[in-house]
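Asks: Top line first, the protein sequences correspond to chains A and B.
Counting in this note's numbering, the first sequence tops out at residue 458, every number present.
Counting in this note's numbering, the second sequence tops out at residue 185, every number present.
If you're looking for bench data, these hints aren't it; they were derived computationally from the structure.
Glycine included, each C-beta is placed from N, C-alpha and C at the ideal position.
It is possible that part of the hints are untrue.
[Unchecked claim] Per the computed footprint, the stretches of chain B lying under chain A, defined by three or more beta-carbons under 8 angstroms from a beta-carbon of chain A, are:
hint : segment
1    : 39-45
2    : 65-72
3    : 93-99
4    : 108-120
The chain contents come next:
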Amino acid sequence: MTMDSSLTQAQLASIRASALKADFPLLLAHPELAFLDSAATAQRPAAVLDAQRHFYETMNANPLRGLYKLSTEATQAIAEARAHIARFISALDDAGNPQQDAIVFTRNASEALNLLSHTLSHLVELGPGDEVVISVMEHHSNLIPWQQVCTLTGADLVYLRPNTDYCITQEEIERKIGPKAKIVSVTHVSNVLGVENDVAAIAARAHDMGALCVVDGAQSVPHIHVDVRALGCDFLVFSGHKLGGPLGIGVLWGKPDLLDAMPPFLTGGEMIDLVTETGAVWSQVPQKFEAGTQDAAGIYATDAALTYIERLGMQAVEERERLLSIYLCERLREQPQIAIIGPKEGERHISSISFDVEGVHPHDVASILDMHDVCIRAGHHCAQPLLTYLGWHSTCRASVAFYNDAGDIDRLIDGLNQVWRIFHGSR
Amino acid sequence: MEVASLYSEQFMDHVAHPDYKYELEDATHVHDGVNPSCGDELRLAIRLNDSGRIEEASYTGHGCAVSMASADMMSDLMVGKTPQEALALCDLFKGMITGSEKDEARLAQLDEAALLKDVSHMPARVKCAELAWRTLAEMLKDEGDSGATTTE
């Protein structure tokens, strides 16, 4: 099938099949499926589903509230998950201990970003003349909250823009992040283009200008080792479901002193120390940000998802996904009717690759691929300003995860040839 | 699978060689319809004759194959219909693509547009298929008021 691949025979052999599919009940039950939409949500390994069930069968109680053993176990499970997540993103204190109290659980990454936009705008007293800097690559979840905050406070929203090589250059970073910047919030990896932004350089510039730096890690944490100390950011958000955890768990990590200084976002049960008829004293972080009953089973299962990935080894995951991304990019490039929207080099794609089939609307592409049991995303990918900036209305997007193999990608290519035959006759 | 039959030769013929995709010179009614998230944009025009029947219908715009083929089939079907008949057909079409109307005899009234029946198995594509029909219904209900319709 493959023509001139830059991959060696050994590398191609290593991605020819995927033994890991056996760990995923849905993929096992549907061998006909080529699932290439992990950027939207990943499949879950049996270990995660088992963990969720184990929680309800053996330690189900409302965490933090009860004074009996079950509730204590649930509370302990959440605390351990916090520590595990902190280690996973290298959020360690000076003594090398995980900053478990700096891990806040939300429903998803979007909620974490809403929490940040609300609380940080108060913390930095955002107002007219101030600037919030984001990039034009943002998913709507890291765009609309800042747009709203700027509308409410009178601050200006400034956009970092990539050059024609899809790169946000150092020059652009220095031009856009100036002394008026109070908050900088950028995506680590674009969910449309798959490119990695130099968030370490962005964070450094933000700090030089006295601004805070938020990193949206929704598309990076599942695919590459993210070390918040190396990035130098103040906050990182991501969602558990994109790395194999259950739906409904978002994660916010923040520098402890900043989290302490921030006001709460949602208020109510379990986020207070004391309540009177006229006021309340907030709990310590992280409880201050976690009003109401937490999805303890989901948090416990997210912990299991990290354990599963660590068992594979993040380095092995990265390397396999790198090979798959290169193979996907090269196979797409072989098709004359297909234009890649983003870098032409497979190495520059972290899991996601957007493309266009000449003269065929992406929704038609996705529908025809679906009849071949190939799952891709088509549309604006919740990044309308980016698509408008690039001059597209919608694109097709395929995204790989470590459980995919070259066969899934070959199925995509076969399906795309079928799309072409339907719209333009035989090639 | 059902989707295979949706993109049939007959369907694709409406995409590749539309019969009604042009500007109508002496239109009596014009109405715009959009699907913002899909990028489907449609301008629908009809000419009502003195006896109150649709003498000609046409459309311009761009979008996915489902939205464009649907507009072409609808334009063909509407020729000679009264506004009341046209509105009844719009309802019937909506029933078909949302899966609530399955009576083959009734669906036969939709003529070629019955080819889009399989959209009822593709919920994500319903708004593509219904764009032209909703635009027509809005147009006829608005009685010539040149507004815009969105199916979102």
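Asks: If a hint holds in the structure, say so; if it does not, say that too.
Replies: Going down the list of hints, with the structure as the test:
no.	hint	in the structure
1	39-45	holds (count 3)
2	65-72	holds (count 3)
3	93-99	holds (count 4)
4	108-120	violated (count 0)
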